[in-house]
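**Student:** Heads up: the protein sequence lines correspond to chains A and B, in order.
Its first residue numbered 1, the first sequence is counted upward by one per residue in this note's numbering.
Its first residue numbered 409, the second sequence is counted upward by one per residue in this note's numbering.
Incorrect hints may have been included.
[Claimed, not checked] Simulated crosslink set (DSS-like; lysine-lysine; CA at most 30 Å straight-line):
id: 1; chain 1: B; residue 1: K450; chain 2: A; residue 2: K87
id: 2; chain 1: B; residue 1: K450; chain 2: B; residue 2: K499
id: 3; chain 1: B; residue 1: K499; chain 2: A; residue 2: K9
id: 4; chain 1: A; residue 1: K40; chain 2: A; residue 2: K106
id: 5; chain 1: A; residue 1: K110; chain 2: B; residue 2: K548
id: 6; chain 1: B; residue 1: K516; chain 2: B; residue 2: K567
id: 7; chain 1: A; residue 1: K63; chain 2: B; residue 2: K464
id: 8; chain 1: B; residue 1: K464; chain 2: A; residue 2: K310
id: 9; chain 1: A; residue 1: K9; chain 2: B; residue 2: K464
id: 10; chain 1: A; residue 1: K328; chain 2: A; residue 2: K357
id: 11; chain 1: A; residue 1: K397; chain 2: B; residue 2: K499
id: 12; chain 1: B; residue 1: K548; chain 2: A; residue 2: K87
id: 13; chain 1: A; residue 1: K63; chain 2: A; residue 2: K144
id: 14; chain 1: B; residue 1: K564; chain 2: B; residue 2: K531
id: 15; chain 1: B; residue 1: K627; chain 2: B; residue 2: K585
id: 16; chain 1: A; residue 1: K124; chain 2: A; residue 2: K268
id: 17; chain 1: A; residue 1: K110; chain 2: A; residue 2: K36
id: 18; chain 1: A; residue 1: K124; chain 2: B; residue 2: K627
id: 19; chain 1: A; residue 1: K126; chain 2: B; residue 2: K548
id: 20; chain 1: A; residue 1: K87; chain 2: A; residue 2: K40
id: 21; chain 1: B; residue 1: K567; chain 2: A; residue 2: K128
id: 22; chain 1: B; residue 1: K982; chain 2: A; residue 2: K124
id: 23; chain 1: B; residue 1: K450; chain 2: A; residue 2: K268
id: 24; chain 1: A; residue 1: K126; chain 2: A; residue 2: K106
id: 25; chain 1: A; residue 1: K397; chain 2: B; residue 2: K567
id: 26; chain 1: A; residue 1: K339; chain 2: B; residue 2: K1007
id: 27; chain 1: A; residue 1: K128; chain 2: B; residue 2: K464
id: 28; chain 1: A; residue 1: K128; chain 2: A; residue 2: K176
Simulated from the structure, these hints should not be mistaken for lab results.
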Amino acid sequence: MKNQKIEWKDPRTMVGGTAEGADYFPRVAVEGRLWKEIGKGNHINFTAPRRVGKSSVMKYMAKNPEAGFLCCYQNISSDSTAQEFYKRLFELVISQATDSKWKRIKEWTKSIGIEEISLSGSVKFKEKGTDYKETLMGLLGQIKDEGARIVLFLDEFPDVVKNISESTPEGKSIAKDVLQTLRSIRHDDRFKGHFTMVLAGSVGLAHIVSDIDRLAVINDLNEQHLSALIHSGESNGKPSEAERFVEHLMEGATMQIDQECRSYLLTKLGQPMPYYIQLLIEACNESLREAERAELTPEDIDRAWEKILKEHKYFADWDERLRDYFPKIYPYFLDVLSKCADQGKISIQEAFDIAKKHAVGTEYKGRIDDVLTQDGYLYEESMVYRFHSPLLQAWWKNRHPVLTKKKK
Amino acid sequence: MVEKSSPSPHQKEKVMQPFLIQYQSANLSDEQIIDNFVVRTKEFERVMADIRTTEKGSSFQHYVFVGRRGSGKSTLLRRIQAEVCTDPELKEKFIVANLSEEQAGIYKLYDLWDYVIRDLRTKGFDLPEIDWQEYQDDLKEYTKVLYRTIHEFLHKEDKRLILLVDNIDRIFKNIGKDANLLREQLMNFNDVRIIGGSTIMAEDFWRYDMPFYQFFSIKRLEPLSMEEIKMLLEHWAVASGSHEIAEFVERHTGKIQAIRMLTDCTPRTMQLFVDMLINRNDQQGFDYLRRIIDNATPVYQERLGQLSQQQQKIVTELSFFWEAASVEQLVPVCKMSGKNISAQMSALAKAQVVEKISDGSKNNLYRIADRTFGFWTLITQGNSMQREMAVELFHFLEIYFSIGRTGDEAIGVGSDPNHRNSFESSSNYNANEISAVYNEGILDRQRSPFSQTNKWKDAQEEAIEMYVTNRNPETALLKIQEALNFCSDEFMLLMIQNILFLWAGKMGNFAHDAVPTFSKIMNLRPELIASYVLELLIHRQHHHILRMMGIYPPNSKENASLIPYHYATHILLKANDPQLLRMPPELAQVVSDIVAKVKERQEFYYGK
């Protein structure tokens, strides 16, 4: 009824930033896998494209640890020197030592001249010039004696390696030393099971490391990946993960999405990425809120989708950037992206076939990984590339339609 | 609804004050802001609902409002501040820092946190002094210490901070690589919520490799709708007790609409307009607009002055096109190479001075992004002819949107809601063609006795008035026919093209009166029939074309000229009867050209 003002309650969307507290949608499967590896004492390389929700998962795990673990999450992307990075690790570990039963560590901190540990974990030494690498190693040695099990969730770790390697002319060798130090920590029996790192990043760690050192320096890390939500393969009548996510967002909201609309919305998006599901739901909510109508229809979803597409005017720049910066290889990228947009995905084999046409050679995958994946056009999963953004995919499909020759 | 009562002298003074303060809403009291906040309520309520329902310990949604200068971003931020500061429940949970005035001094991230600390101290909170000299060798550490100070203060107070930052795009530009640290701090501590304003959709928000990629919820502040403008004017009329405003709103919808369309109407433009209305209510139609232009001159002069000489030239010439133009069209008027213009256009597009319209090929079209700026350039930089065209366009829009009254029903040439809405909402409202009509009109006036007495406009207005008041298209038509006797064929066709577009609207609804009217005109000017039918095809008025086939005798000259259009109509209607499509081979090329032309023009008017 249009005349009766509805007291509107918005869905629980979070477009950007991390979802915490009641806003967090549990990703039970990946949490379980991570805890299993942490329990074994393995260090983890946790990857996912941006806006899939890995920071939310890590924050949740850090706040809700399994029994016996002390956990801490931090985004560390601003660290640009080895000293800053070691200091950060030191402070994160020491901030866990607030528990009064850690008597040994408290005594140890006094012995090395720590004056004050603040609420946020920053440490003040009596004297300047602390060597944080050495101090960190000393602290880690104390942890085993206390019987503690500390897990650090370090977000955007590849950025730190990159920052260090680019910060000075000697950056690469310093970054190499950092990588090797971390490897030696991981292999030191004194720390195993007592100090674990979950190194996360949206930029592939291997990609950064390959420019600095042999990949062997990180090949002991357990690889874990966070994908888009699952929306198929469950046929026993239970809602899929993506559908449950929609239900979670809609909990208590005025807008009502029936099963048909829920399926329609997810089909419209193609790949069920949490960010884009929320963006579309938010746009639907805004139009229904304005119309003071609670029931969502497929037409509303279409209109909201069109509105979002219209507002994202800058996709032409994504296209132009490729054309301007990579004029020679642009035709190859164009074909790969156009085919991917048309089919919803493109296999590595198909990319290879396209590469032959453009005489790209052995670099065919490297160029996709270095440019299209790094810059957020595509992401790879199980030897298949998909568009990171369904909006960009829709735009690309419209701008560069794939025309097939009619069979005679 | 706004209550229509006369305010007390005290109220009048309280509300009138904002009219004088056009650029600094930060200076108004919470009460004044709340009293005068009439538009952008939807955006305000949406954000406030989120703030109110944010639970302790749960995550924050950060926002950025993107809108043109004067679109109400600062006022909206100030309104949020006023709400949090005057609501006891919110005050309990949040502290607000509004850096709208200080943002010009923020060059590094530590400046931002330093200003926040200063703001908190001004509010009477006790935060420790941090001596930057202790950190002069490590300013990153200084930035971290400043943030830590805020974090620890908020923790102690058990509150979270709402940080309002106008022109946040400039701050991102200034802080550069520190953006990583800012994102890190916002994510790690979760106690500062940023709500920003930005004139542009900066790269920081949409580039994958930027720290704030898709981090903010972006809310766009669109140009005010006619309804919102009326609300705003009614509010100001009541609040200021100005009968002039109230009467103006009641009587001169056309003028308001014309101003809205030519200026991309923002609250600030309307504020200028109302200010002028109160102080100079003797002015007529275009004078209002010119006055707005005058008031905007300091701002726009500065904007034009910031461009390079080549860019100034391009922008000025582009404004003379009224709407979108291609690089190719700009080459002869700018006397620069296409490559050079393209390069400058990229820079201008990046700076949001021009808007790029991609048509799927490399040949992009460009138009001036801020319509008021475009109009200002035209009025201030154009020659006398161009200025006169602007005046005529204003008059046209004014008449088009004028409202006559019979009983309670509003009618007018533009009173058909379908046509009016499509015209109003059209992103390509085809002002260049409208202006071309008037350009021709001016030329006609110069060469015809009719124009010498300036009666063309009078006759047109009279015809419209007849249509509006008597709903008598026949009489109106006669009057138009009389006027058209003094016009060239080109002018008449241009006018018909324009009116067909306006009346056809995007929905393809065609006013019933229009086709018979023009059909009769066509009978008087048979040489224009083919052009007229082409226009009907473009606007998808197929049934009228088919009707016209029956008007002329089978072997007449008129009918012969229509035959290619007959086939084109069936092709465009996707007729599947092969008999209908069987045409003489010599006509095939002509028909194909017509179909291509129609499709091209349809794309221009209605998009793909």
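**Student:** Given the hint that K110 (chain A) pairs with K36 (chain A), test it: the Cα-Cα distance must not exceed 30 Å.
**Tutor:** violated, 36 Å
**Student:** Please verify whether K567 (chain B) and K128 (chain A) have alpha carbons no more than 30 Å apart.
**Tutor:** violated, 34 Å
**Student:** Please work out if K464 (chain B) and K310 (chain A) have their alpha carbons no farther apart than 30 Å.
**Tutor:** violated, 35 Å
**Student:** Could you grab the alpha-carbon distance between K110 (chain A) and K548 (chain B) and see if it respects the 30 Å cut-off?
**Tutor:** At roughly 27 Å apart (the allowed maximum being 30 Å), K548 (chain B) and K110 (chain A) satisfy the hint.
**Student:** Is it true that the CA of K450 (chain B) sits at most 30 Å from the CA of K87 (chain A)?
**Tutor:** Answer violated: K450 (chain B) to K87 (chain A) is near 47 Å, above 30 Å.
**Student:** Need the status of pair K339 (chain A), K1007 (chain B): alpha-carbon distance at most 30 Å?
**Tutor:** Satisfied, since the Cα-Cα distance of roughly 27 Å is no more than 30 Å.
**Student:** Verify the proposed pairing of K40 (chain A) with K106 (chain A), using a straight-line Cα cut of 30 Å.
**Tutor:** At roughly 28 Å apart (the allowed maximum being 30 Å), K106 (chain A) and K40 (chain A) satisfy the hint.
**Student:** Given the hint that K564 (chain B) pairs with K531 (chain B), does the C-alpha gap stay at or below 30 Å?
**Tutor:** holds, 16 Å
**Student:** Can you confirm whether the C-alpha distance between K87 (chain A) and K40 (chain A) stays at or below 30 Å?
**Tutor:** Answer holds: K87 (chain A) to K40 (chain A) is near 27 Å, not above 30 Å.
**Student:** Given the hinted pair K450 (chain B) and K499 (chain B), is their Cα-Cα distance within 30 Å?
**Tutor:** At roughly 22 Å apart (the allowed maximum being 30 Å), K499 (chain B) and K450 (chain B) satisfy the hint.
**Student:** Next pair to validate is K63 (chain A) with K144 (chain A); report whether the Cα-Cα distance is within 30 Å.
**Tutor:** Holds, at roughly 22 Å.
**Student:** For K128 (chain A) and K464 (chain B), compute the direct alpha-carbon distance and say whether it is at most 30 Å.
**Tutor:** violated, 38 Å
Violated hints for the displayed structure, listed by number in ascending order: 1, 8, 11, 16, 17, 18, 21, 22, 25, 27.
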